[in-house]
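Novice: Sequence:
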Amino acid sequence: MTAIQNKSYRLIASEIPLEHEKRERIHETFFVMCDYLKERPNAGACHLLSSIMYVLLKEQGIECDLCIGEVKENNYFFDHSWIEIDGKVFDVAIQMTLDGRRNPPVFASYDLGSTTTTNREYGMSSPGGLDSVAQKVLRVSFDRYISEAELKDGTWKTIRKLGRNLKLRLEVSELKEKYKDTQRKVVVK
Numbered sequence: 002m003t004a005i006q007n008k009s010y011r012l013i014a015s016e017i018p019l020e021h022e023k024r025e026r027i028h029e030t031f032f033v034m035c036d037y038l039k040e041r042p043n044a045g046a047c048h049l050l051s052s053i054m055y056v057l058l059k060e061q062g063i064e065c066d067l068c069i070g071e072v073k074e075n076n077y078f079f080d081h082s083w084i085e086i087d088g089k090v091f092d093v094a095i096q097m098t099l100d101g102r103r104n105p106p107v108f109a110s111y112d113l114g115s116t117t118t119t120n121r122e123y124g125m126s127s128p129g130g131l132d133s134v135a136q137k138v139l140r141v142s143f144d145r146y147i148s149e150a151e152l153k154d155g156t157w158k159t160i161r162k163l164g165r166n167l168k169l170r171l172e173v174s175e176l177k178e179k180y181k182d183t184q185r186k187v188v189v190k
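Heads up: the sequence shown runs through residues 2 to 190, numbered per the numbering used here.
Don't read these hints as lab results, they were simulated from the structure.
C-beta: ideal position from N, C-alpha, C; glycine also.
Among the hints, erroneous ones may be present.
Stated by the list, open to error - As a list, the in silico BS3-like pairs of lysine-lysine whose alpha-carbon atoms are at most 27 Å apart:
| id | residue 1 | residue 2 |
| --- | --- | --- |
| 1 | Lys168 | Lys137 |
| 2 | Lys59 | Lys179 |
| 3 | Lys158 | Lys190 |
| 4 | Lys8 | Lys190 |
| 5 | Lys23 | Lys137 |
| 6 | Lys158 | Lys73 |
| 7 | Lys158 | Lys23 |
| 8 | Lys190 | Lys39 |
| 9 | Lys168 | Lys190 |
| 10 | Lys8 | Lys137 |
| 11 | Lys190 | Lys177 |
| 12 | Lys168 | Lys73 |
| 13 | Lys179 | Lys89 |
| 14 | Lys162 | Lys190 |
| 15 | Lys39 | Lys73 |
| 16 | Lys89 | Lys23 |
| 17 | Lys23 | Lys168 |
As the list claims (entries may be wrong) - Label-pair ranges, simulated between beta-carbon atoms:
| id | residue 1 | residue 2 | range |
| --- | --- | --- | --- |
| 18 | His21 | Thr116 | 12 to 22 Å |
| 19 | Glu20 | Lys186 | 20 to 30 Å |
| 20 | Gly130 | Arg170 | 15 to 25 Å |
| 21 | Arg140 | Glu178 | 17 to 27 Å |
| 22 | Tyr10 | Ala44 | 10 to 20 Å |
| 23 | Glu122 | Lys158 | 32 to 42 Å |
| 24 | Asn120 | Arg170 | 38 to 48 Å |
| 25 | Asn120 | Asp154 | 31 to 41 Å |
| 26 | Lys177 | Arg41 | 19 to 29 Å |
| 27 | Val187 | Gly45 | 18 to 28 Å |
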């Protein structure tokens, strides 16, 4: 076991270079999301988890992009959603992929398992393009996507609950109105 494996992801992320005035809020929000994924495992939920994280970050005044595109890893492409802040990738959902793989999360473009920049290439373009699921996510309004997602307590209520962990007071009706016109950023390099 290496020294890195003895460190928690939280500690590793706190040591990653990230110049941002709200660095601590970003860090806290990222790990609220990681904890949520541990408590309620949901393989392949990248579009949903990234949407939740996007709202939580925006509610704290953190400018970010809700990204969708393809990711390339070892000549393998997959459709994915993630968050970008100042061009850096924040990816909680990569921990539990649809094909059953388990990976360390990505914080500020660093793989928290290796503490080096991630070897995944975000925003690449495969010959086949985005699949039907990703295309549907792009077509459906943000509010409809969030409202129809299959979470036990409902996604908007889940956002409100996770917001409490960040000391935010969120009202579902206000969130629905505020984010109804949210658009995902299609990333293609």
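Novice: Give a verdict on every hint.
Specialist: Structure-based check of each hint:
Note on Lys168 and Lys137: the hinted pairing is violated, with a Cα-Cα distance of about 33 Å set against a maximum of 27 Å. Simply put, Lys59 and Lys179 have alpha-carbon atoms about 11 Å apart, close enough for the 27 Å limit, and the pair holds. Taking the CA atoms of Lys158 and Lys190, the gap is about 35 Å. The hint is violated against a cut of 27 Å. Between Lys8 and Lys190 the CA atoms are separated by roughly 34 Å; this puts the pair beyond 27 Å, and the hint is violated.
With a C-alpha separation of about 33 Å, the suggested pairing of Lys23 with Lys137 is violated against the 27 Å cut-off. A C-alpha spacing of about 33 Å is found between Lys158 and Lys73, which places the hinted pair above 27 Å, so the restraint is violated. Taking the CA atoms of Lys158 and Lys23, the gap is about 25 Å. The hint holds against a cut of 27 Å. Proximity of Lys190 to Lys39 is assessed by CA-CA distance (about 32 Å); at most 27 Å being required, the pair is judged violated.
Using a Cα cut-off of 27 Å, the hinted pair Lys168 and Lys190 is violated, with the two alpha carbons roughly 37 Å apart. This hinted pair does not check out: Lys8 and Lys137 have alpha carbons roughly 39 Å apart, beyond 27 Å. Between Lys190 and Lys177, the direct Cα distance comes to roughly 31 Å. Violation of the 27 Å bound is thereby established for this hinted pair. Between Lys168 and Lys73 the alpha-carbon distance is near 36 Å, which puts this suggested pair outside the 27 Å criterion.
Taking the CA atoms of Lys179 and Lys89, the gap is about 25 Å. The hint holds against a cut of 27 Å. Between Lys162 and Lys190 the alpha-carbon distance is near 36 Å, which puts this suggested pair outside the 27 Å criterion. Among the hinted pairs, Lys39 with Lys73 is consistent with the structure: their alpha-carbon atoms are about 25 Å apart, no more than 27 Å. At roughly 14 Å between alpha-carbon atoms, Lys89 and Lys23 fall within 27 Å of each other, so this suggested pair holds.
A threshold of 27 Å between alpha carbons decides the hint, and for Lys23 with Lys168 the separation of about 15 Å falls inside it, so the pair holds. At roughly 19 Å, the beta carbons of His21 and Thr116 sit within the given window of 12 to 22 Å. Distance hint check: the CB atoms of Glu20 and Lys186 are about 22 Å apart, consistent with the given range 20 to 30 Å. Restraint check, Gly130 to Arg170: a C-beta distance of roughly 41 Å breaks the suggested window 15 to 25 Å.
Between Arg140 and Glu178 the Cβ separation comes to about 21 Å, which falls inside the hinted range of 17 to 27 Å. A beta carbon spacing of about 19 Å between Tyr10 and Ala44 agrees with the range 10 to 20 Å that was offered as a hint. With their beta carbons about 35 Å apart, Glu122 and Lys158 fall inside the hinted range of 32 to 42 Å. At about 40 Å, the CB distance of Asn120 to Arg170 agrees with the hint of 38 to 48 Å.
Between Asn120 and Asp154 the Cβ separation comes to about 36 Å, which falls inside the hinted range of 31 to 41 Å. The hinted range of 19 to 29 Å is satisfied by Lys177 and Arg41, whose Cβ atoms lie roughly 22 Å apart. Distance hint check: the CB atoms of Val187 and Gly45 are about 19 Å apart, consistent with the given range 18 to 28 Å.
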